[in-house]
Amino acid sequence: MLEEIKKRKIFTRRNFMMTGGVLTTGLVVGVAGLNSHVNKKLKKYTGAGMGDGDSLNAWVRIAPDNKVTLAIARAEMGQGVYTSLPMLVAEELEISMDQINVIHPQPESPYANTFMLTQKEPNAFKGYSMMEKLYAYLPIIGTGGSTTIPDGFNNMRYAGATAREMLKQAAANQWGISRSDISVDNGYVINDSSKERLSYGELALAARDIDLSELPVLKEKKDWKVVGTKARRLDIPEKVTGGAEFGIDVRKENMLYAAMLHPKVIGGKITEVSNLSEIESMPGVKKVVLTQYGAAVIADNTWRATNGTLFMETVEDGAGNEAITSEIIQERLNEILDLEPIATPESEGDVDAAIAQADNPIESTYKVPYLAHATMEPLNCTVLINNDSAEIWVGHQATSVVLDMVSQQTGIDKSNIKINITYLGGGFGRRGEPDFLNKAVAVAQEMKGVPIQTVFTREEDMKNDMYRPAALSRFKAAVSDNGEILAWDNKIAIQSVSQSALSRIAPAMAPKAKHDEATVEGAVHLSYKMNNRRTSFGDYQSPIQVGFWRSVGSSQNAFFTECFMDECAHAVGQDPYEFRLAKLSDTPRFKAVLERAAALGNWGAQDSKYRGIALHKSFGSIVGEVCTISKVGDKEFAIDEYACAIDCGMYVNPDIIEAQIEGGVIFGLSAALYGQITWNNGSVVQSNFPDYDMVRMNVSPAIKVHIMENDYYPGGVGEPGTPPAAPALANALFAATGERVRELPLMKSGYKFS
Amino acid sequence: MELNINGKTINVEAEPGMPLLWVLRDELDMTGTKFGCGVSSCGACTVMLDGVATRTCTLPVGNAKGKKIITIEGIGSEVDLSAVQQAWIEHQVPQCGYCQSGMIMAAEALLDEIPEPADDDIDAKMTNICRCGTYTRVRAAIHTAAKLRSQATDLFGTI
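Chains as they are written, first to last, in our numbering: chain A, 1 to 754; chain B, 1 to 159.
Bear in mind the hints are in silico, worked out from the structure with no lab data behind them. Some clues are possibly wrong.
List time: in silico BS3-like cross-link candidates among lysine-lysine, alpha-carbon distance up to 30 Å [unchecked claim]:
#1 Lys264(A) x Lys418(A)
#2 Lys68(B) x Lys252(A)
#3 Lys125(B) x Lys704(A)
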């Protein structure tokens, strides 16, 4: 059926969803009204791993001792979801944060991330649309695209509110009074007249089967006591004692460790291990296995396994990719800029005519390299394969991907696969990929009945990433003497990220390159007033695997568009802040953010410092950043400060948001200063931090964050801090030097930072 | 081989060339100390060796023999936190948390050496990588930990 749709050439990520909804009619979980939805439609959960007590819905279980266990089906990779989602429940359930225990549930229907695919405010308790029902049926459960709060904002509050009302009704039944004569306080139900109290734990069993006839009304924002506060993160105590368990820390009885040697050439294959018996006789080595992904050494210790791979002699088929070099890639990207675009997602007015009429059109080409994710915790996955069951321990961004992939690869029924999601030592998009699961499963299949932890060395991790693609962006613009943008033309050359990544993660959803919205996200629908505008792109086809990298298309498009905006301002002798501001009268949220960032960053201050500004919307949130730098030597600068303003609509935990913006800036800075993955002989040249360096303490700037106050529906916060970091810095460098750097990383142009 | 880890004598069987990191993690299941790069670049594997912040992913275990090894597990627990750990919580430093064991051990060693470090000292001594970008909070937490430590000393002095 899917093949047919593909042939009809109407196949895009979105209309797959539409047709998919039709295809599966009758299979979707039935929707009934109101609370029966919660109790019946979303009943497809087992509560596995939620400990003692009674489940009041898929998210909330309360034990007799009044401990509340919350099922949080989003990956905790540093962005605070094991705290922010519980805050939403706690607000409505009226419990304190220290009563809460968080578990990561098995991938079951209620936990679908529908927002990730529909971009629509979900409300499981009021009823799902056809498409949302499909995602819940499949189910699609993932953490990415900064969607956790936009997806959970309603669902988690209703999870708390319905549980609260069920507990109140249970008490009402027991006391023989009306629910309206009952109030709640911090985990207790109170009889308003007699002042009698019962703990939630005492009522959970009776409350479990209560069917509410109506959906509770959620609290108004002005009444929030938990949401909107700087509640302390629940995961931090164990993260300061070394006690937090990451995937690499999983230890099981009799478990063994494996290290994998990947083919040297991208897309290649190791066909033979020539010195197999020699390796197998090394200390601690149990077995050498050859999989379709590479050769692995299984040993009683990670180091001994790694040593085995280091001494391995292999025969390899390079699959014809041995000639790939960065120079060849660059030439091809340049050619693509001169070809007809494959898509023009945005075209308003007559750009060509406006540029032809202009006296001094501005033309510039920007360039960014491939980037690795380099999560702090190298990729790893622990797998136990039995005859007809399997268990996985992994830090992964998508439990449904883990389940699907492991079942597909092993043929084991999904109901016999148990998934244990640990903390993730960084995700950034990398841990949504299936490759490291597939590799670990392939190794474990060679030694059934034994849990095997496959760990990538940093070198294997870096050389076998799913990279942020290299890209070019060529601008032409016409700007009037008074600063009006008469025409804006942007043509991008890039490999399609969504096509490459989804072909691995969810093949049925992989779009054609021309339909990939990620290519132009952050490059189209810019907030600025422009008389004529056009954004188009060409497609670079490559065997290199590219993937979602924190902020995806915006990671390069903000650099392109916000630096070029600066060029336009300087071309007509205007202040880059004033130039932008003048174009934001129709987009007041953007204007307010820009003004706030400028004020916070002392824009226009008469001091010895230099400033650059950037404004960018991504993942539903608008971020403005002012970067302040000081000259400390020839082409050497200190990055003093980033002043950031974010409009993410209503916010859940401002301290976590500040942390995400701080981290987002540093992530963007590491890429801006040092990040580049280059290719030679079909292999990645860089291998570890000495040649793929990161911002460290000595370079790290002070970072100020202001969160705008409003009542809009929440946007994401994990990614939006990253995109403006590079253009704000590059624009500050221009202010300092008069040199317009149009290529990242900045170190390539001889700049040093201290 | 006998090792002195967190004040206890522990016997391990390992070839002397095995890095201390892997002895801790895979032979002793002390997984608080992390593997990040394997080339002493990122600092995730930092422990204190006779009081000195030391990267263990390239340190042969034989070289740690006879020295006092303090790991993240040895500086405090959730109910008895060190000043550095308290400050880390106060400033809500960790995000993913993976680098933080190494970061905290580097901070402990820094404060042992320089009880009231200036920002330049922190820049010079805290060379660990945090991919989540917690540096501004690490810096603030080190200053707070310095204060907590000096208060504890004062208190001890008055008793």
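Here's how the hints hold up against the structure:
no. : hint                  : verdict
1   : Lys264(A) x Lys418(A) : 33 Å, violated
2   : Lys68(B) x Lys252(A)  : 29 Å, holds
3   : Lys125(B) x Lys704(A) : 24 Å, holds
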